[in-house]
Amino acid sequence: MKSMIRVALLGICGFTAVAAPAGAQSLFNAAGIGLPMEALDGRARALGSVGVGLPGTAGFLPADPAASARLLVPGGMIVAQPSWVELSRSGGGSSRNFRGSRFPLLAAGYPFAGGMASLHATSVLDQQFRGERRVTVDLLGAPVEAVDAFEQDGSVATLAVGYARMITPTVAVGLSAGRYSGSVVRSLVRQFADSAAAGAAVPYASSGTWSYHGYQLTVGASADVAGIFRIAASATASTELDAVATSQTEGADRSFAMPLQLRVGASGQLAPGLLLSASASMADWSSTADDLGAGIEAGSVLSFGGGLELASVRLFNRSSPLRVGFRRTDLPFSLEAGDANEQVFTGGFGFALNETNEVVLASLDFGLEKGRRLGGTYREDFWRATLSLKLLGF
Amino acid sequence: MGVVTVAACTETMPTGTDDSQLPGEPVTVSLQLAWDDFASNLQVFGGFGRVDDMESTVVARAYDGMESRTLVRFNAIPRSTLVRDSTGTLRTDSALTFVDAYVVVLVDTAASTNTGVVQLAFGQTQEMWDTRTANWTNAVDTIGGPVPWSTPGGGVVTPLATWDFDPSAGDSAQFFFDSATIAQWREGSDSVRAGRIDLLTDGHRLKLVGAALRVIANSALDQDTVLIFDVPATQATFIYDPPAAAPLDGLRVGGSPAWRTVLDVALPTTLDGPPALCAAVGCPFALGPQHVTYAGLELRTRLSPTAFQPTDTVSMEVRPVLDKATLPKAPLGTSLGTAEGTPVPPEVLLVEGSTIDLPITRYVQGFLAGPDPEGRAPPTTLAILAAPEPNTFTFASFFGPGAANAPVLNLVLTVSPPMEIR
Numbered sequence: 001m002k003s004m005i006r007v008a009l010l011g012i013c014g015f016t017a018v019a020a021p022a023g024a025q026s027l028f029n030a031a032g033i034g035l036p037m038e039a040l041d042g043r044a045r046a047l048g049s050v051g052v053g054l055p056g057t058a059g060f061l062p063a064d065p066a067a068s069a070r071l072l073v074p075g076g077m078i079v080a081q082p083s084w085v086e087l088s089r090s091g092g093g094s095s096r097n098f099r100g101s102r103f104p105l106l107a108a109g110y111p112f113a114g115g116m117a118s119l120h121a122t123s124v125l126d127q128q129f130r131g132e133r134r135v136t137v138d139l140l141g142a143p144v145e146a147v148d149a150f151e152q153d154g155s156v157a158t159l160a161v162g163y164a165r166m167i168t169p170t171v172a173v174g175l176s177a178g179r180y181s182g183s184v185v186r187s188l189v190r191q192f193a194d195s196a197a198a199g200a201a202v203p204y205a206s207s208g209t210w211s212y213h214g215y216q217l218t219v220g221a222s223a224d225v226a227g228i229f230r231i232a233a234s235a236t237a238s239t240e241l242d243a244v245a246t247s248q249t250e251g252a253d254r255s256f257a258m259p260l261q262l263r264v265g266a267s268g269q270l271a272p273g274l275l276l277s278a279s280a281s282m283a284d285w286s287s288t289a290d291d292l293g294a295g296i297e298a299g300s301v302l303s304f305g306g307g308l309e310l311a312s313v314r315l316f317n318r319s320s321p322l323r324v325g326f327r328r329t330d331l332p333f334s335l336e337a338g339d340a341n342e343q344v345f346t347g348g349f350g351f352a353l354n355e356t357n358e359v360v361l362a363s364l365d366f367g368l369e370k371g372r373r374l375g376g377t378y379r380e381d382f383w384r385a386t387l388s389l390k391l392l393g394f
Numbered sequence: 395m396g397v398v399t400v401a402a403c404t405e406t407m408p409t410g411t412d413d414s415q416l417p418g419e420p421v422t423v424s425l426q427l428a429w430d431d432f433a434s435n436l437q438v439f440g441g442f443g444r445v446d447d448m449e450s451t452v453v454a455r456a457y458d459g460m461e462s463r464t465l466v467r468f469n470a471i472p473r474s475t476l477v478r479d480s481t482g483t484l485r486t487d488s489a490l491t492f493v494d495a496y497v498v499v500l501v502d503t504a505a506s507t508n509t510g511v512v513q514l515a516f517g518q519t520q521e522m523w524d525t526r527t528a529n530w531t532n533a534v535d536t537i538g539g540p541v542p543w544s545t546p547g548g549g550v551v552t553p554l555a556t557w558d559f560d561p562s563a564g565d566s567a568q569f570f571f572d573s574a575t576i577a578q579w580r581e582g583s584d585s586v587r588a589g590r591i592d593l594l595t596d597g598h599r600l601k602l603v604g605a606a607l608r609v610i611a612n613s614a615l616d617q618d619t620v621l622i623f624d625v626p627a628t629q630a631t632f633i634y635d636p637p638a639a640a641p642l643d644g645l646r647v648g649g650s651p652a653w654r655t656v657l658d659v660a661l662p663t664t665l666d667g668p669p670a671l672c673a674a675v676g677c678p679f680a681l682g683p684q685h686v687t688y689a690g691l692e693l694r695t696r697l698s699p700t701a702f703q704p705t706d707t708v709s710m711e712v713r714p715v716l717d718k719a720t721l722p723k724a725p726l727g728t729s730l731g732t733a734e735g736t737p738v739p740p741e742v743l744l745v746e747g748s749t750i751d752l753p754i755t756r757y758v759q760g761f762l763a764g765p766d767p768e769g770r771a772p773p774t775t776l777a778i779l780a781a782p783e784p785n786t787f788t789f790a791s792f793f794g795p796g797a798a799n800a801p802v803l804n805l806v807l808t809v810s811p812p813m814e815i816r
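Protein sequences, first through last, are from chains A and B. Take the first sequence: its position 165, counted from the start at 1, is 165 in the numbering used here, and no numbers get skipped. To get the numbering used here, take the position in the second sequence, counting from 1, and add 394.
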């Protein structure tokens, strides 16, 4: 058993080591302030959940701060998420493919003062993308081809500490306070084509670097009803996200309003070993769009999804639940005028690595999503895999 | 599962299909600064390098009043060699019978002025000469005291042979020795194995690019064996008269010894044009090093004196003068352009008013950047010189300030508004 855990840990760590820094997964990163990312594990992804209202070891999900109160024992979780994307446009033209991996969640919990203290490192916004522009410029009277290569490399993350406890045998409350961090580098390089006049022309470069600062607070509560239902809700409020330019950056400091995020979720046992879950979230990004200016539009976005978990499946004499689900998510920003959204069909399974007296102490959860994002003429078809390792009682 | 996850570890960044998500387009504009707006204090200095540094020599006769002769000294003729005898054994043959000898001279026909037959002569010099210091007047011209030729122009020579050189028939001339000369050169010292090449036909200038002494001998060990020795020239130089006078105005680059042109630079830090630049970023515009995409010193050719008018490519480069106070022998920085310099073909130099552009982008960027982290200010003086120096007997001439074709500074600037976060 221990060897299986060791193998799993090595697998995750190896994956972490060989992967480049968290890679981008969508061209929608270029829209607005970036593409919101959700810190979900493989189980929540497989069930189409927004991360609230799930029973079991869902206590590590930052969207459900009250859930950790039910963990009782120390634990931790790491999540890796590769994806493969094909971008196309309805107006025609060739499609583009890209892929990347990121690590949206690292979480830990430890019993403290009658409850559970938690620590979360989570991804919030992905901003990585690049683009090119081909132009013809005049070099000493001769037209010369040039390429403007733009690259934006950045992301926003949070580091949060939290605390949750049961206030009644069936009701738990929790909160977490986090700090936004991260940075973005925006650089534009104009390269001149080779020519007699351009042979000695040096590239032009313009760039800027900003670091992100801000705070967020998440509160939540959950309750078990009649022993077969779990209901939960949470809300996240943030200060403005401040982007502070470095001393070498000519560009200005900026601040962006971050929306209040509201989430509700519920799950229930339809039959022994069969779980139904549903959840939704809502956030109003219109104030952020106002701060972005330049005609960028955004409003309230709704995300909802649900799924089924068949928990009675066993593989190699270990608990290996199967999951399917569906989810639809509005994207706050689009690459063109109009709304954008993401829709996925999900599936996955879990595998208990260490199970003692029907208590799973170590498990892998795998979620696989087949989905598409639509926004204006842009369409992204993608596969997204989520692999998470949970350890309890160490 | 591991295979699935690792498969996405090679990151490919999302790339847009158009430029709709890119920040505003930079503006690239070209402009020219007049001489008075960027330079001053033009000076021309001569005397850099030695004639014998060149890999070619010159002969000329009454070419726009210029005379030039080539002096050459050969290595010793072998006295013995290994020969395979009739039994097939390699043995040293020290009883060689020299039957023929001649000097072969290679001519750069493209860089020579003659298109028809000209006559060349080879004579044995009778006076000691120093390849490093010999000139038209002196055979030796060192600090210890000059030793003049008995007759200016290489003294008296013993005529050995002539050759009618026809460039349409080949690119070499041969001067055949008689048996007495062969014997004398075989036994003589270095001073004996020296000669002077003269051009006997008026009105031409020839560029010589190599000389060797070819000696043919029969072996005493095997009469059927003919041995051919190529004896290389160990020293070569040329002497000419009159030397080029310093220019009254304008720029001069090249020659042997070489000419350099030096100028002081003072670049503006703000610009009020051109309109395209002002429209893009507003004027006055604070010019910074990051804006300089290209900077080139544009010169306009003028004809050199005919005797020194290039018939071959002149490579030029620009270097910063590191210590202006020690001009003309001031140390120079590295070339601001390519290592081999900017080649200027002779046909460009033959047309008055042709433009050439010497890249100095790196220098202009450094000038605008100001002192380096150690507090050293950038050089404010530039030298324009041949690359390498000297590389040609002829020199290039250019119009100087105050004339219609004065030098200008070509600038290509690329400017964009500051990068903003969105």
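To be clear, the hints were calculated from the coordinates, so they are not data collected in a lab. Heads up, a few of these hints could be off.
[Claimed, not checked] Footprint (simulated), chain B over chain A, 3 or more residues, beta carbon under 8 Å:
id, segment
1, 41–51
2, 80–90
3, 117–130
4, 155–169
5, 205–211
6, 312–319
[To be verified] Here are a few chain B residues that sit away from chain A, every Cβ distance over 10 Å (derived from the structure):
id, residue
7, THR406
8, ALA504
9, GLY539
10, GLN684
11, GLY764
Even glycine gets a Cβ: it sits at the ideal position worked out from N, Cα and C.
Results for each hint:
With 0 residues bearing a CB less than 8 Å from a CB of chain B, the segment 41–51 of chain A misses the requirement of three and the coverage assertion fails. For the segment 80–90 of chain A, the assignment as covered by chain B holds, since 7 residues bring a beta-carbon within under 8 Å of that chain's beta-carbons and 3 suffice. Here's how the segment 117–130 of chain A fares: 3 of its residues keep a CB closer than 8 Å to some CB of chain B, so the rule of at least three is met and the hint holds. For a cut-off of 8 Å, the count of residues in the segment 155–169 of chain A with a CB near a CB of chain B stands at 0, and the three-residue condition is violated.
Coverage of the segment 205–211 of chain A by chain B holds. Counting CB-CB distances below 8 Å, 5 residues qualify, and the rule asks for three or more. With a threshold of 8 Å between beta carbons, the proposed coverage of the segment 312–319 of chain A by chain B is violated, since 0 of its residues qualify and at least three are required. Once the 10 Å rule is applied to beta carbons, THR406 of chain B is inconsistent with being away from chain A; the minimum gap is 4 Å. With a cut of 10 Å on Cβ distances, ALA504 of chain B stays outside the contact zone with chain A, its closest approach being about 23 Å.
Here GLY539 of chain B stays apart from chain A, with its beta-carbon at least about 49 Å from theirs, past the 10 Å limit. Not every beta carbon of chain A lies more than 10 Å from that of GLN684 of chain B, the smallest distance being close to 7 Å; the non-interface claim is violated. Listed as a non-interface residue, GLY764 of chain B keeps its Cβ farther than 10 Å from every Cβ of chain A; the least gap is roughly 16 Å.
The earlier numbered hints that this structure contradicts are 1, 4, 6, 7 and 10.
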